[in-house]
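There are 2 protein chains.
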Amino acid sequence: MSERAITAPPPVSRRLAATDPATVVSTLEEFERWWAERHRAGRFEVDRIPLTELDSWHFDPATGNLGHESGRFFTVEGLQVRFGGVVERSQPVIHQPEIGVLGILVKEIDGVPHALMQAKMEPGNVNVLQLSPTVQATRSNYTQVHRGAQTRYLEYFTGLARGEVLVDVLQSEQGAWFWHKRNRNLVVKVDGEVPAAPDFRWLPLPLVHRLLRIDNLVNMDARTVLACLPPAGAGDAAGGARHATADILSWFTEAKTRCDWHARLIPLADVGGRTVAGGEVVDDERRRFRIIGARVTAGNREVSRWTQPLLEPRGQGLAVFVTKLIGGVRHLLVQARPEIGLLDLVELGPTVQLSPGEDVSGIEDPLIREVARGKLGRTRFSAVLSEEGGRFFHALTRYRVVEVDEDFVTEPSRDYCWVAGWQLTELLRHGHYVNIEARSLLACLRSLPS
Amino acid sequence: MSERAITAPPPVSRRLAATDPATVVSTLEEFERWWAERHRAGRFEVDRIPLTELDSWHFDPATGNLGHESGRFFTVEGLQVRFGGVVERSQPVIHQPEIGVLGILVKEIDGVPHALMQAKMEPGNVNVLQLSPTVQATRSNYTQVHRGAQTRYLEYFTGLARGEVLVDVLQSEQGAWFWHKRNRNLVVKVDGEVPAAPDFRWLPLPLVHRLLRIDNLVNMDARTVLACLPPAGAGDAAGGARHATADILSWFTEAKTRCDWHARLIPLADVGGRTVAGGEVVDDERRRFRIIGARVTAGNREVSRWTQPLLEPRGQGLAVFVTKLIGGVRHLLVQARPEIGLLDLVELGPTVQLSPGEDVSGIEDPLIREVARGKLGRTRFSAVLSEEGGRFFHALTRYRVVEVDEDFVTEPSRDYCWVAGWQLTELLRHGHYVNIEARSLLACLRSLPS
Numbered sequence: 010m011s012e013r014a015i016t017a018p019p020p021v022s023r024r025l026a027a028t029d030p031a032t033v034v035s036t037l038e039e040f041e042r043w044w045a046e047r048h049r050a051g052r053f054e055v056d057r058i059p060l061t062e063l064d065s066w067h068f069d070p071a072t073g074n075l076g077h078e079s080g081r082f083f084t085v086e087g088l089q090v091r092f093g094g095v096v097e098r099s100q101p102v103i104h105q106p107e108i109g110v111l112g113i114l115v116k117e118i119d120g121v122p123h124a125l126m127q128a129k130m131e132p133g134n135v136n137v138l139q140l141s142p143t144v145q146a147t148r149s150n151y152t153q154v155h156r157g158a159q160t161r162y163l164e165y166f167t168g169l170a171r172g173e174v175l176v177d178v179l180q181s182e183q184g185a186w187f188w189h190k191r192n193r194n195l196v197v198k199v200d201g202e203v204p205a206a207p208d209f210r211w212l213p214l215p216l217v218h219r220l221l222r223i224d225n226l227v228n229m230d231a232r233t234v235l236a237c238l239p240p241a242g243a244g245d246a247a248g249g250a251r252h253a254t255a256d257i258l259s260w261f262t263e264a265k266t267r268c269d270w271h272a273r274l275i276p277l278a279d280v281g282g283r284t285v286a287g288g289e290v291v292d293d294e295r296r297r298f299r300i301i302g303a304r305v306t307a308g309n310r311e312v313s314r315w316t317q318p319l320l321e322p323r324g325q326g327l328a329v330f331v332t333k334l335i336g337g338v339r340h341l342l343v344q345a346r347p348e349i350g351l352l353d354l355v356e357l358g359p360t361v362q363l364s365p366g367e368d369v370s371g372i373e374d375p376l377i378r379e380v381a382r383g384k385l386g387r388t389r390f391s392a393v394l395s396e397e398g399g400r401f402f403h404a405l406t407r408y409r410v411v412e413v414d415e416d417f418v419t420e421p422s423r424d425y426c427w428v429a430g431w432q433l434t435e436l437l438r439h440g441h442y443v444n445i446e447a448r449s450l451l452a453c454l455r456s457l458p459s
Numbered sequence: 010m011s012e013r014a015i016t017a018p019p020p021v022s023r024r025l026a027a028t029d030p031a032t033v034v035s036t037l038e039e040f041e042r043w044w045a046e047r048h049r050a051g052r053f054e055v056d057r058i059p060l061t062e063l064d065s066w067h068f069d070p071a072t073g074n075l076g077h078e079s080g081r082f083f084t085v086e087g088l089q090v091r092f093g094g095v096v097e098r099s100q101p102v103i104h105q106p107e108i109g110v111l112g113i114l115v116k117e118i119d120g121v122p123h124a125l126m127q128a129k130m131e132p133g134n135v136n137v138l139q140l141s142p143t144v145q146a147t148r149s150n151y152t153q154v155h156r157g158a159q160t161r162y163l164e165y166f167t168g169l170a171r172g173e174v175l176v177d178v179l180q181s182e183q184g185a186w187f188w189h190k191r192n193r194n195l196v197v198k199v200d201g202e203v204p205a206a207p208d209f210r211w212l213p214l215p216l217v218h219r220l221l222r223i224d225n226l227v228n229m230d231a232r233t234v235l236a237c238l239p240p241a242g243a244g245d246a247a248g249g250a251r252h253a254t255a256d257i258l259s260w261f262t263e264a265k266t267r268c269d270w271h272a273r274l275i276p277l278a279d280v281g282g283r284t285v286a287g288g289e290v291v292d293d294e295r296r297r298f299r300i301i302g303a304r305v306t307a308g309n310r311e312v313s314r315w316t317q318p319l320l321e322p323r324g325q326g327l328a329v330f331v332t333k334l335i336g337g338v339r340h341l342l343v344q345a346r347p348e349i350g351l352l353d354l355v356e357l358g359p360t361v362q363l364s365p366g367e368d369v370s371g372i373e374d375p376l377i378r379e380v381a382r383g384k385l386g387r388t389r390f391s392a393v394l395s396e397e398g399g400r401f402f403h404a405l406t407r408y409r410v411v412e413v414d415e416d417f418v419t420e421p422s423r424d425y426c427w428v429a430g431w432q433l434t435e436l437l438r439h440g441h442y443v444n445i446e447a448r449s450l451l452a453c454l455r456s457l458p459s
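Those sequence lines, one after another, are chains A and B.
The C-terminal residue of the first sequence carries number 459 in the numbering used here, and the numbering is unbroken.
The C-terminal residue of the second sequence carries number 459 in the numbering used here, and the numbering is unbroken.
Simulated from the structure, these hints should not be mistaken for laboratory data.
A quick note: this is a predicted structure, and the numbers were derived from the prediction, not measured.
Everything hinted at is true.
Here are the simulated lysine-lysine pairs, DSBU-like style, with alpha carbons at most 30 Å apart: (1) B:Lys-198 x A:Lys-265; (2) A:Lys-265 x B:Lys-265; (3) B:Lys-265 x A:Lys-198; (4) A:Lys-333 x A:Lys-265.
In isolation and in its complexed conformation, chain A is listed as follows (with noise of 0.2 Å):
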């Protein structure tokens, strides 16, 4: 599992008139010696600061909430759940109710579709750059809110000229974390020349795939997209499902139904629990996430300095599809779960998500927990990655793939639902259906053999 035992691609005869050889990176090789010409090239650094000392940031000294004096970006603010109308507990949370693009350039070249990535300094990144998508703005970004440079390539994906569009939906974000934040993704074909800044390279898709399996270099943004974007040859692999569409779509609604949750924003100042404490919003036992303050230098963003709040976790996620043949389909053991940052409180999950700071011991179904445990089934894939370093303060999560022979359980509760895979690619169509962390195990398996 480590980047020393990838194989690297089959080195393929490239060098189409339309794309600069310069601007293609198609072995792993070539992409190690971008890669750490990007590390030399960037200059970023990040200090931890008090809250107070953050520059256009203020609390709110009515509701205590967190926020920029434009009234965009983000603002931190406080969640409250009732259950069956009484109220349950609290939290911080964070609130951005922008839509922001991630979208990812193709381009055939030599027969092979290439996708324009990037390297991207994220201020929560625990090793600065990361592979991104094309573009990675939020709205505030790309209408310039805060007066930096353009975005590159956005025209691509926001103007009318833009190419055949391959994916286009917004998807949702952290649900523990962010209240109603979902993104459009993107996938936009194009045919003719696209020039490639120094931070942008073309790479072959099934290169992409296999970096997903190196550790904290794929970062989330990426991953969400590529998961939307159906494999090659989906339309032909559709049959074989265990149930019907009709009838998945039947048991979500129901799960839907079953949730007597209900989530709301409140004022920060209202949450229990927690304390302005250092500069810091921490709860008063120290266990669970905490936001900190941030002060950034860059040398290749839109402005060179800024200041932020990020959300810092305590420990890492894990996030475990359990995954097996059925009459020789794929299939993925999903999830109904609600997370209450969620726009629809329910998303499809993977067969088991643990926050930071959640244990495996809480696993209600003994055989999951075995596999949550590492003790049941063979993993197929396993890799730290990060989330989205724009808001998360190395926010790490294990995210593993197991396989399970075909006389593994079946359905263990009314929660869980064998689905196939090409299933969950037509989910992906539509929006408030799979959660960033099924999205990220699903673009991971793109980097299995089959």
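Following the hints, complete the assembly by docking chain B onto the known chain A.
Using the frame of chain A, we list chain B on its own:
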């Protein structure tokens, strides 16, 4: 368009052993007899009372929100809209986080699909009784928070042995008046004997569709469920659409991204320009909807006497679908329309949608304005139908379907798109796409000869 103008469907020889003939209503004449009898049998009084005299409903001293002491049912709260981060306006809104069940049982009798419909009283109905789904129950109803009688036929929709599920999807309701309201729309097909209580009758589906042409007869809850049921032979009709479904989804995503509104709940006390006067929540100019109190006495509801708030609009709404054949395929001109109370803000609405109090002159496009004024196109359908009588008092909308020639304007602006009828039927398998007014009109379209 009047009740008398309807041609009765030909009587069919039905008398299947599995269905008690006395519970089947096959012709308009039979329907009228049953309906008159139901009017005689019901006892139903609605009195306006000041909100302060409601039993178990109180204004919260801190927020001014109006709620039930159980924490269940619904609340009347404030809603604030921000545009690009700046507060634009606020209004009261009905907040009902629970998901209710709207379910219609269907059954083949002598080869004709029949629906088990209910003569149901709702306090806000102009005419007391309307034709309603088999089950129309809030979660508080069917979990018996108010300790009333059990909801009839609920077991066919929530149990495991519920028959063949033809429709099962969460759909939104009025985005102008509700906050994030959704209900579960269900159609379940049964085979065996289902005894029909006096308020229930089996009606041939074509008869139900014809009854839609009668003012204020088929209620909103029935209309949304009927719209979600694919017409017979729907699968064969696919093809010949002006735009590929992928392109429609991309256009729709673009419209959502463009919408820079953000809505949030605020305390009712913080809504500007509204006061509690004369026991009602009214706006200072007396031009917008108000919240009134009602005391209800009923003979055939789960409980026989209760009080509740209702939203009373001033004036009548208008919803018009412009339709034409494109290459022989029925298309509808839909509008991507933000509504402040919708969970996902933007859904597909009819070509024209005006809330009570909004004027036709506000419609930007001159051709669509002419259609709205009734000066362009051929009216294929026109009836005044009621919105949900359990929450709204005398809320009426004029629903029209207007046919235009194939050379009628293409898309008048980027907010409009011609979508084939079968494409809308496909989208109705999912929530968050087609709004309640458009769904009402889609049900009405079923009443047309084609």
